[in-house]
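Participant: This note's numbering numbers the first residue of the sequence shown as -7 and each following residue consecutively.
Source of the hints: derived by calculation from the structure; they are not laboratory data.
Just so it is clear, CB atoms sit at the ideal spot from N, CA and C, and this is done for glycine as well.
Please note that a few of the clues may not be correct.
Restraint-style ranges between C-beta atoms, simulated for each label pair [stated by the list, open to error]:
#, residue 1, residue 2, range
1, 23, 119, 25 to 31 Å
2, 61, 21, 31 to 37 Å
3, 35, 124, 27 to 33 Å
4, 119, 61, 32 to 38 Å
5, 133, 41, 33 to 39 Å
6, 134, 77, 20 to 26 Å
7, 25, 122, 34 to 40 Å
8, 32, 124, 15 to 21 Å
9, 49, 130, 16 to 22 Å
Mimicking DSS-like on lysine-lysine, the simulated pairs with C-alpha atoms at most 27 Å apart in a straight line are [to be verified]:
#, residue 1, residue 2
10, 37, 129
11, 82, 37
12, 13, 81
13, 13, 82
14, 13, 37
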Amino acid sequence: MTIFNFYSVTDRIASSGQPSKEEFQVIAEGEYELVINLAMPNHEKSISEEGCIVTSLGMSYIHIPVPFDSPNEDHYREFCSYMDALQHKKVWVHCIVNARVSAFLFRYLQEYRGLSPAEATTPILEQWLPNMDEVWKGFIERAPNQL
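Please construct the entire structure, taking both the sequences and the accompanying hints into account.
Facilitator: Here is the structure:
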């Protein structure tokens, strides 16, 4: 898979940075049923017509814009409500570089799927941890089992 910062989290959850228009076709061919986008719509790498592209390929689309400098519990709870309700579907979650997504999945996989911190830590999150700012450290520290 050549999609930027792609990581297969489970057999039903994949994560990545921002896919290109063409890469959404690859995601659809991978039998993913839903795309969740955590990126802000005004980011230079975001695709304004992403929802239309995704739905035209037969997938559902959910956009939860999470400001990189201020993720909050409302964003996280909305994300979890979709992930939990759709846990039997193949879901692709992305943001711009897969940082937001990795932090959200770290918490979700522990709280809702019972994974250990080690099991919930993606390679992208592991790379980010040494340089993670206090906002995101505080966000992931709200997980039931901290790193």
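Participant: If a hint holds in the structure, say so; if it does not, say that too.
Facilitator: Going down the list of hints, with the structure as the test:
1. 23 - 119: 25 to 31 Å: The hinted range 25 to 31 Å holds for residue 23 and residue 119, with Cβ atoms some 28 Å apart.
2. 61 - 21: 31 to 37 Å: holds (35 Å)
3. 35 - 124: 27 to 33 Å: violated (19 Å)
4. 119 - 61: 32 to 38 Å: With Cβ atoms ~20 Å apart, the hint is violated.
5. 133 - 41: 33 to 39 Å: holds (36 Å)
6. 134 - 77: 20 to 26 Å: The hint (20 to 26 Å, Cβ to Cβ) holds, given that residue 134 and residue 77 are roughly 21 Å apart.
7. 25 - 122: 34 to 40 Å: holds (35 Å)
8. 32 - 124: 15 to 21 Å: holds (19 Å)
9. 49 - 130: 16 to 22 Å: violated (37 Å)
10. 37 - 129: At roughly 25 Å apart (the allowed maximum being 27 Å), residue 129 and residue 37 satisfy the hint.
11. 82 - 37: holds (24 Å)
12. 13 - 81: holds (22 Å)
13. 13 - 82: Distance ~19 Å between residue 13 and residue 82 Cα, so the pair holds.
14. 13 - 37: holds (11 Å)
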